[in-house]
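Engineer: Protein chains in written order, with this note's numbering: chain X, 92 to 852; chain Y, 2 to 139.
To be clear, the hints were calculated from the coordinates, so they are not data collected in a lab.
Hints should not be assumed to be uniformly reliable.
What the simulated footprint calls covered on chain Y by chain X, stretch by stretch (three residues with Cβ under 8 Å from a Cβ of chain X suffice, anywhere in the stretch; the number is not a length) [as the list claims (entries may be wrong)]: (1) 53 to 61; (2) 79 to 92.
Stretches of chain X that chain Y covers, calculated by requiring three or more beta carbons in the stretch to come under 8 Å of a beta carbon on chain Y [stated by the list, open to error]: (3) 804 to 810; (4) 821 to 830.
By construction, the Cβ of each residue, glycine as well, lies at the ideal position given by its N, Cα and C atoms.
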Amino acid sequence: MADDYPSVDRVMGGPAGWISIAFPTILFLYFLGLLPEIAQGPQVHGIEWVPSLGVNLSVLLDGLSMTFVLLITGIGAAVTLYSARYLGNHPDYPRFVSYLLMFMIGMLGLVLADNLIMLFVFWEITTIASYLLIGFNADNANARRSALQALLVTGTGGLILLAGLIVLGTVAGTFELSQILTMGDMIRAHPWYLAILLLFLAGAFTKSAQVPFHFWLPNAMAAPTPVSAYLHSATMVKAGIFLMARMNPALGGTDAWFWILTLFGGVTAVFASVMAMRQTDIKQVLAYTTLMALGTLTMFIGAGTHYAIMAAMLFLVVHSLYKAALFLMIGIVDHATGTREAAVLGGLSKVMPLTGLAAALAAISMAGIPPMVGFIGKEFMYKAGLGLEGFGAFWVTMMAFAASVMMFAVGGIVALKPFRGDLRPTPKAPHEGPWPMLAGPLVLGALSLIFGLVPGVLGYYLVGPATHAVFGQVLPVELYLWGGINMALILSLLTFLAGWLVYRRHQSIRDRLAAFEARSPIDFDAGWDRLLDGFKAFAAWQTRLIQNGSLQRYMAVMFATFVVMVGGTYLLKGAFQGVPGLSADGVHPVQWTVLGLIVAGAILTVWTHSRMTAIAGMGAAGIGVSLIFIMFSAPDVAITQLLVEVLVVVLVSIVMLRLPYLPRRSKTRFRTGHAVIAGGTGLVTTFLLMSVMATDFDRRLTTFFEVTSYPEAHGRNIVNVILVDFRAMDTFGEIVVVAIAAIAAFALLRGAPRRKPEEES
Amino acid sequence: MQSLILTTTTRLLAALLLMFSVYALLRGHNLPGGGFIGGLIGATAFILYTIATSVDEAQAALRVDPSNLAMAGLGVAALGGIGAGFAGDPFFTGQWLFLFRDGDSYVPLSTVLVFDIGVYMAVFGGILTLVFALEQEI
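Excised from the complex, chain Y in its bound form (with noise of 0.2 Å):
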């Protein structure tokens, strides 16, 4: 089902979703957003584009497997835990380093969003490694 009209609008409205599943994934900690729904919105981008298009211009365009993305997901949680280790602390225990503070503003970093990210990927990547599998395989 190739529709002229979807396949352009996917194009600008897939390369929106994907910044702003960015965007959901690092205002998480202190607006509504987060790695969880900053994942689902990422995947529903390449949804999208997988409908529009097709699964193999859908994967083309992501260049890596989603399942590989989704394993590389759950490594990056992992680190974001193991991380407290080196501070002595219990696993998951966040860490942060707040850079170039500046009396209230900062740049704050920390192993918490190293996990988040991790969800971010785990949940983008397992979605679509499902998805991509229907689309072929039905």
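Bound-form chain X, shown alone (with noise of 0.2 Å):
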């Protein structure tokens, strides 16, 4: 894959990679610096935005968001610096390294929001970098498959969130997460709060991958590997991670919660962990393992208890550093060696020391193996699970269990096996990594063994901090590598056995499921096509039905929706109040002479067989109308209606000139219709109008007008006053839809290739 497009002579990817590796460099330089003084205790900056609608930019800084933003610079940092040598050559690194920067500002963004818009803003700016790094070999179908289907599955989500946003933020008075994160009472006591949580968790589920919305992660393995190891691993897919533990003060801690989340996180860290164990391409093996890291994330912030977050936070970034360094492997491995595949590779241990060191450290920190990091997340995983209560404790324990063992089996396959035994063949010879890839790989390595070794700084700085964001109370956090002879030390000694088991018998064990899912009816994959197939069908069917391109047919549509709608309302709310007495007393002669001349217009319309003396007609009707509103004092009004109808009547005819002549269609079934949908329109409108007639004209915004247009806006003319000062937003909109349609309307008239004289007559 590495090799196959035309390279560019560039030296660590030119200006665009130095500038991609110093930017999270200095970011995670400055973090570091603000560290000591947010494990004191969160801070929120911010400057109003939109303030008439709640919108700021502020930002809450404290050990949740710190945690994230160390994690997004930091493995940023070696991403980057990997990139620079993974594809600096490649023709459209540039691009690459923009769209990775773009989705660094958003994952900052998201995790340093204090309020929900701005939340959501950088949501959706990581969910379309996602998309364009997916993408990025935009030749290759399955890429472009892959990129779509994330795109909409988190993008979907996206949406689903926004309204739960919306909802919270109605609920709770405020957006600024910093004031919703102390009204936790409050909220869940709200009859909406099931409402939220359910679009909050549709949001949070679908970005991080949980069971039934699974099936986008693994494909978008399509991505170039460093961007499955920063994006689709350590960072974007944990932004659902993050919505949940973010929210764990506000939503958190009812039985719906505890149950959605262990139940959903449950079955996917399983489902997941099975599914890893069928994988034969390393990738797609870890692929696998990351979804069943965000199912056992999920799992304990749902279970909620202190022990349990305080498991997740440490289990969050335990996961980060083994999981970036071993993805970053499996490309050093898949660069050097021209393949993935578990089956072909082995020994490469003698070609590649320094990438097989790097490996095993991320791999017995992921299989928990002591004294690396990864072993005392593990022991208090199995802590928290085992101080849950009743069937709680049974299901978390039970999967962790379950989703650990996995991990150790996994652990060999990924880092055991292509390393040990004798060099195997492979599609290219085997050699070392350059120094730029093994960076990263080595130091997160590195670092899973240091703060396995002295767990209090971690616990101190990181992982403290960040339970108490997300706990909501401070409660003390030591971590440390020997907790005595316990049952979660016991439980530890049984992983290691079942995994080793697991591990030796894996070959046979792929093949079983390899035939089992052969045979299985489930394909979350297909099932995806045939949902996207048959949104196409549906939305090909009704653009066939409703734009057919006949401009009779859609203004059938538009004036009969209009019929069946208010028409309808206006039945159903019993607005009718019968026929008000009319009388014709003192109607001047001249409003006669006007409303005959309109009269005279509309049935001319109707009556001609040409299109010409019908526009004519129309607008000897529209001539009236506006003589009616000067009748009435409205010039304004009046002015416009006659300009507007006069330019109707130009353009038309200058359309209908160098149309050919056609006679009119006389075919009485399609008049029939036609007449009805009229006659309907005109009834609905009179009634309409009669009813507004009855009723008490409500003068106050007219007073208010009245009173301040002069005064406070310095103008007489209430109607341009309106349009131009006291609602010049509005007016603003509309000009740019004039605008809009006119160039519209301008590219539909150039775009159109000319048709060849002999067929224009």
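Build the complex from these two chains, which are given one at a time in their own frames, with help from the hints.
Structural biologist: Given below as structure tokens:
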């Protein structure tokens, strides 16, 4: 994969490379400097953006966002350094880096947002960046399909989340997270709580690929390997986890929260770890173990005890460290050997010792073997699971145990098997990776070891403050490698035993799973295709039905809709008060004349067989209407109406003059339908206006404009003052529409290929 | 369709219509008129000219591309709104300047007028874009 493009000569990606490496590195160091401050307590900064809607650019920096920020910038630095070598000679490398930085900014904004609307905006940026990155190899149909799938799944979730954000903001009366998080009791007792929860979880579950929305994530591995390591393992897919953790003080702690999260999380974790065993491509194996980690995190956030949250926060860091290292490692192996198939690789440690070392460090942490930090993570998960009550304790512990056993076995598959034994023949002669690609996995692997040896540092600066932020109360957090002989340790030992047995037999297990999968009727990916095909068929059907290109049909649909919806509402609401007593007294002869003009124009339009005459008739009716406006002293409306009528007649005439002469169609069936719609429209409008006349006119707005127009807006023409001052934003929208309509018509007219003269005649 | 009478009259009428359109634009705040109506009247002048002569001549007389004029109108209208920002007020709050104040008479200048000029340009340019395209292509 890595070499089938025309290479461009760049040193470490050229300027784009250096900028992309410097950006996360500088940010990482900057936030690292803030770490001691944030460990003491959260900070909120912000400026107002749209104060009337409560939308602010505000930043909430606490333990949780700090942990994410350091992961995003730290792993970001490793990944950009890696990419500069991995893709630096790709012709589109600058484009790649722009997407990557765009994603980084989106992700940073997302985790730092204190305003729900701001959070949503950045949430969508990460979705779009992910789409662009998965589809980076745009000439590959599979990459395009995967990109679109990821965009549609996470984008749909994002829209549902937006609904949830708005409902939550309405219930809480503010969009500021720092305030909402203190209102947990009120929100949980609110009748809309369940709706908010479900909307939020729809967003979080799609983003973090929980079953049954998981299928996009393994497909997203079509992206270049650094992207998989960064977005679809360490950061973006954790945005859903972040959201759940962030909202825990406000939404968490209820039975619904507990069961939804632990059940979905548990099922995802176990399903994913079984699927991981099934894969032969090591990158796919890692994709499914990422899914497993996301499930586990969801489950422990759902469990909600102090220990569970602590376990989740610890595992979050642990997983990001080892998983990013493993993804980057497999990228090196792929680069060096030309394959990622587990069955083909073997004995690589002889030629790639440093890669092997990084893989070993990361995999030992993943397997949860002491003294790596992964071991501590697993211990705390077991402790948290055992500390729950009733069926919850059994479920969470069992799921965590099953997932950990699989992790142990997968650790062997990805890091032990390719590097041990005899060197096997591969498509390319393997060689050690270059230093920029090795630096990331080695440092990340080393951190897994260092944090395992001195867990107190991790606990004090990151896991502790993050746990406080998520749990909502300040309770002591102490991490340790050796907790004495207890139930969790015994479970750990059982994990190693079971994991080893699974690893020994993993090839036959894989074959059986493959056979089972072949028979299984449930295929999420194919189901997705069917869903999409159905949507497309539906869209095509309704387009053919509604937008068939016939202007007559459009007008008929519009007016029929008007008659049915407005007329129906009118009848259902009982607005019909009978025909009011109409009297012709006091109608001036001039008004009768104008009325006659309108009626004559309308009749002429319907009666005539010539299109030109019909247009002139309509123009006459329109001019009659503007005369009525003049009589009832609305000169502005009258002038506008008059001008528009004239322009319409001119424009339509221009078109008509050049069209071939056609006698109007006079099929009786056709005309009857039109007569019904036209008559209905007229009747509904008439009755509507009669009801309006019958009710008392609310003069509040009129009075307001009359009183304030001159003193406040210095204008005596109220219509104009409303247009340009009181409602200037609306007018602005309208002139934008005018301009866009003109440009669109221009494009349609000029864009159409000119017909040849002989066809025209 | 060339008509000597129409062509001759149009020279006079178009100029009058254009002057009247500016008049309608400027008086709009206190009397019937305004940017929208002014823009429509101004467009009518050029449509008349187009029908009497040709699109090319009308385009030459206008000098600028009407679609550019429409876009510039949006920009001018937005400027009228942004002006409020410098005074620390929300977007589109009218800002006023009364020059040569002498008792009751003065020359009022405002961001509202800037906005109305933008409306004029957008409507004028938008309609002419449409008419020119129609005349040329059909």
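Engineer: Now tell me if each hint is right for this structure.
Structural biologist: Hints, verified against the model:
Note: the stretch 53 to 61 of chain Y has 0 residues with beta-carbon separation from chain X under 8 Å; the three-residue rule is not met and the coverage is violated. Restraint check on the stretch 79 to 92 of chain Y versus chain X: 5 residues with Cβ-Cβ distances below 8 Å, three needed, restraint holds. Residue count for the stretch 804 to 810 of chain X with a Cβ under 8 Å from a Cβ of chain Y: 6. That meets the three needed, and the coverage hint holds. For the stretch 821 to 830 of chain X, the assignment as covered by chain Y holds, since 6 residues bring a beta-carbon within under 8 Å of that chain's beta-carbons and 3 suffice.
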